[in-house]
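Go ahead and model the full structure; you've got the sequences and the hints to work with.
Protein chains: 2
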Amino acid sequence: MSKLVKFGGSSLANSEQYAKVINIISEDEQRKVVVVSAPGKRFDDDVKITDLLIQYATQVINKENYQATLDEIIERYAEIANAYDVDEGEFAGIKETFTNLAKNDYKNDEYLMAAFKANGERMNAKLMAAVLNSRGMKARFVDPKDAGIVLDDINPNAANLLDETYTNLESFEYSDDEKLVFPGFFGYTKEGNIATFARGGSDITGSIVATGLHIDVYENFTDVSSIYAINPHLVDNPYPITKMSYREMRELAYAGFSVFNDEAIIPAIKGHVTINVKNTNSPEDAGTLIVPEDEVKHSHVITGISADDRFSALYLHSYLLNKQIGGTLTILSIFKKYGISYEHMPSGIDDLTIIFDRNQASDDTIHALCKEISEAIHPDKLEWIHNYALIMVVGENMAVSVGSISQIIKPLAEKKIPINMINQGASKIAIMIGIDQEYTDEAVVSIYNQFFKED
Amino acid sequence: MSKLVKFGGSSLANSEQYAKVINIISEDEQRKVVVVSAPGKRFDDDVKITDLLIQYATQVINKENYQATLDEIIERYAEIANAYDVDEGEFAGIKETFTNLAKNDYKNDEYLMAAFKANGERMNAKLMAAVLNSRGMKARFVDPKDAGIVLDDINPNAANLLDETYTNLESFEYSDDEKLVFPGFFGYTKEGNIATFARGGSDITGSIVATGLHIDVYENFTDVSSIYAINPHLVDNPYPITKMSYREMRELAYAGFSVFNDEAIIPAIKGHVTINVKNTNSPEDAGTLIVPEDEVKHSHVITGISADDRFSALYLHSYLLNKQIGGTLTILSIFKKYGISYEHMPSGIDDLTIIFDRNQASDDTIHALCKEISEAIHPDKLEWIHNYALIMVVGENMAVSVGSISQIIKPLAEKKIPINMINQGASKIAIMIGIDQEYTDEAVVSIYNQFFKED
Numbered sequence: 191m192s193k194l195v196k197f198g199g200s201s202l203a204n205s206e207q208y209a210k211v212i213n214i215i216s217e218d219e220q221r222k223v224v225v226v227s228a229p230g231k232r233f234d235d236d237v238k239i240t241d242l243l244i245q246y247a248t249q250v251i252n253k254e255n256y257q258a259t260l261d262e263i264i265e266r267y268a269e270i271a272n273a274y275d276v277d278e279g280e281f282a283g284i285k286e287t288f289t290n291l292a293k294n295d296y297k298n299d300e301y302l303m304a305a306f307k308a309n310g311e312r313m314n315a316k317l318m319a320a321v322l323n324s325r326g327m328k329a330r331f332v333d334p335k336d337a338g339i340v341l342d343d344i345n346p347n348a349a350n351l352l353d354e355t356y357t358n359l360e361s362f363e364y365s366d367d368e369k370l371v372f373p374g375f376f377g378y379t380k381e382g383n384i385a386t387f388a389r390g391g392s393d394i395t396g397s398i399v400a401t402g403l404h405i406d407v408y409e410n411f412t413d414v415s416s417i418y419a420i421n422p423h424l425v426d427n428p429y430p431i432t433k434m435s436y437r438e439m440r441e442l443a444y445a446g447f448s449v450f451n452d453e454a455i456i457p458a459i460k461g462h463v464t465i466n467v468k469n470t471n472s473p474e475d476a477g478t479l480i481v482p483e484d485e486v487k488h489s490h491v492i493t494g495i496s497a498d499d500r501f502s503a504l505y506l507h508s509y510l511l512n513k514q515i516g517g518t519l520t521i522l523s524i525f526k527k528y529g530i531s532y533e534h535m536p537s538g539i540d541d542l543t544i545i546f547d548r549n550q551a552s553d554d555t556i557h558a559l560c561k562e563i564s565e566a567i568h569p570d571k572l573e574w575i576h577n578y579a580l581i582m583v584v585g586e587n588m589a590v591s592v593g594s595i596s597q598i599i600k601p602l603a604e605k606k607i608p609i610n611m612i613n614q615g616a617s618k619i620a621i622m623i624g625i626d627q628e629y630t631d632e633a634v635v636s637i638y639n640q641f642f643k644e645d
Numbered sequence: 191m192s193k194l195v196k197f198g199g200s201s202l203a204n205s206e207q208y209a210k211v212i213n214i215i216s217e218d219e220q221r222k223v224v225v226v227s228a229p230g231k232r233f234d235d236d237v238k239i240t241d242l243l244i245q246y247a248t249q250v251i252n253k254e255n256y257q258a259t260l261d262e263i264i265e266r267y268a269e270i271a272n273a274y275d276v277d278e279g280e281f282a283g284i285k286e287t288f289t290n291l292a293k294n295d296y297k298n299d300e301y302l303m304a305a306f307k308a309n310g311e312r313m314n315a316k317l318m319a320a321v322l323n324s325r326g327m328k329a330r331f332v333d334p335k336d337a338g339i340v341l342d343d344i345n346p347n348a349a350n351l352l353d354e355t356y357t358n359l360e361s362f363e364y365s366d367d368e369k370l371v372f373p374g375f376f377g378y379t380k381e382g383n384i385a386t387f388a389r390g391g392s393d394i395t396g397s398i399v400a401t402g403l404h405i406d407v408y409e410n411f412t413d414v415s416s417i418y419a420i421n422p423h424l425v426d427n428p429y430p431i432t433k434m435s436y437r438e439m440r441e442l443a444y445a446g447f448s449v450f451n452d453e454a455i456i457p458a459i460k461g462h463v464t465i466n467v468k469n470t471n472s473p474e475d476a477g478t479l480i481v482p483e484d485e486v487k488h489s490h491v492i493t494g495i496s497a498d499d500r501f502s503a504l505y506l507h508s509y510l511l512n513k514q515i516g517g518t519l520t521i522l523s524i525f526k527k528y529g530i531s532y533e534h535m536p537s538g539i540d541d542l543t544i545i546f547d548r549n550q551a552s553d554d555t556i557h558a559l560c561k562e563i564s565e566a567i568h569p570d571k572l573e574w575i576h577n578y579a580l581i582m583v584v585g586e587n588m589a590v591s592v593g594s595i596s597q598i599i600k601p602l603a604e605k606k607i608p609i610n611m612i613n614q615g616a617s618k619i620a621i622m623i624g625i626d627q628e629y630t631d632e633a634v635v636s637i638y639n640q641f642f643k644e645d
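Residue numbers (the numbering used here), protein chains in the order written: chain A, 191 to 645; chain B, 191 to 645.
A few of these clues could be false.
Given that identical chains are not distinguished, each listed pair holds provided it fits within a single copy or across any two copies.
Said to hold, decoys possible - Once the Cα atoms are required to be at most 30 Å apart in a straight line, the calculated DSBU-like pairs of lysine-lysine come out as: (1) K561 / K618; (2) K297 / K600; (3) K487 / K571; (4) K643 / K606; (5) K487 / K606; (6) K571 / K526; (7) K460 / K433; (8) K369 / K335.
Hints were generated in silico from the structure; no laboratory data involved.
Below is the structure:
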């Protein structure tokens, strides 16, 4: 059995956190591959390395003085290097890399930004390899370029993996007695430029590398001992999920369960890699296992409830809208023109609601989009609903338990929470409920209590 | 107050039915405008005039002997004409029109078919005007050409109204002491060719003429004394709906309530025309009123439940489907290419179900469509679900009654009927439920019993 361990930013924030990570790596021989994020916050008001690098990049683009920012970045890495007697030459290289970022040539400012951000992870992986070596563990820093992690070049700050990466990883050579340390979050375009994933990118790298190198278990170290059935800030003693299916995690992560990035599940499904979400601060806790659905057996009808209010909705009313062949086509072409992808599109016989992620566009853009749709379709009514929340109620057991929708709706009816939309798709393991933002927490807690209160 | 009366085919099937219609017209001075269908079935196994005309047209197209068919058609009109001593010259004109249909020139066979079918209504309106005149009522046959009912020329057998019709009807001149008799179902293209509406076309003509001539009440005479809360074949003593809103009727008619055509509501909404569905065989019954929603007050949470199994569904599963800007666009472009409009498109985070009216395309066409989508999108899974039923649960009160969804779902859960899809759109007066065809009647009856059983 082989394991990949991935550590998030808070697990690597300073030398004290590093100590925990070194223990975790050293105490299990099976932990062969390490994926690291950039150092995160050391305390609540602290600044993450990634944000310092964005500041550094912005100063360079604007030709402002960046020296203080650069010094602050280097100081964070130095604190760790000094604590572990890292080889001086090795640390000089890290320092030089950060300094040279301001002097290198880039294809354009977008690529500049991607390269600055990515080096937070890249230098942390270099540092981690040096620290492990200084502790007597044989470790090798692996640049994604050398492992062949290839991304597309459409948006260098939200790039997508190219499938050839898996072929490249298949032929990546390494010996059984060394630890491999990969930086998360980025790869290289075919032209050789750095490009990063969007949000949660280190989780995705962990998943890709685990699948490509045929690792059995992907241990994802965070700062919680479990994934819970509800956002743990909303109730006391939330119910911990010990095991869940890949697709349950996908559905929950889609709307607000940020502990494991939703897109990062997909490579793991491909590679049948077991995911284990664990706590860096309490590594003896079993954590949550994420596995194929046939390996899951839940005692409750629902497994978890998540919610996200990042959405907006466009409501259109027009008689015989759905008889117009090509009517929706026109609307979606306009969405495409403005670079907005839609999430869901519930429809009545004369109306259509298009739900989309509000973060994709400014208010001005959305107003322009509405205007153009209005002129193209001449609807009787067009309304932009700014604050739209989606609740996902998820459970493998829902697919076999016929009455689950009724049980889910009941507490909302009792609390008189108006439902804008309810949608059970074909997967049958999730029900999506659209409500006004203001009711989000109350709705989630009341559904949770309906199923978990007695525990 | 003015009324338009429209009679369906069964109300005009023979001289006996004609007698009831003449009584209805004569007993109320406000009944100024009459719209007629073609004579329908006289008994269960009978053939409707429209079907005889389709047979006649087909024989002409195929250069087969049509004399027996033509004779049968003329005989049906003759029976009525003879019973009411219609002027011989008048009837000779009707006979000649039918005979000449085989000899006239047409743009193509589609227009030929439209012209043959339309003359069932056209000659019946001519005959009705003659009969009313013979009974001493001053009546005038109005050809849609003379009234200016203009249709588009995209599909002569499923044409759409052009808005200029309303301007034309505004200026249509008639005197207060005459009854106007319009044939339903058809109009003329700008080129002057006959084109017909799709299904239920006489209902649409009634609505258009009532709106265009500023009629207050549109009495739609059928063979039932009321619209019921459920298909009356499914339960004993079904609950009659005395008053409902336009939009309730639209939602119910969309899925199976065929008593009043769903598209025919739209012109009436535009003209604020009150619709009154009445029974030709029992005209003293109050029937069902269809009015704006602010004039409706229901005693039940739901007003009616309808169901229709004319649908199919295409199910697609593909990871991150909804993150692909333009992915759905590609799919809908292919639907458009094959001339298929979709009805609803519920989606999960990685899947999409496209529900469409199966009657729009042959199985071969749908297979070709699936193949093309498969090649364009490369989904992980693509499945064609042939038999898909939609249930519409409709009620103005549902918009204000928060717990209604829960009550609707409960009986289905109790009967263990699996729900494929549930969709509450923005209108909030209707919930759409997708189930397998085999459960349709059981599901509808159990929901009906949940709300109406105690009555």
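request  = Provide an ascending list of the numbers of those earlier hints which the structure does not satisfy.
outcome  = 2
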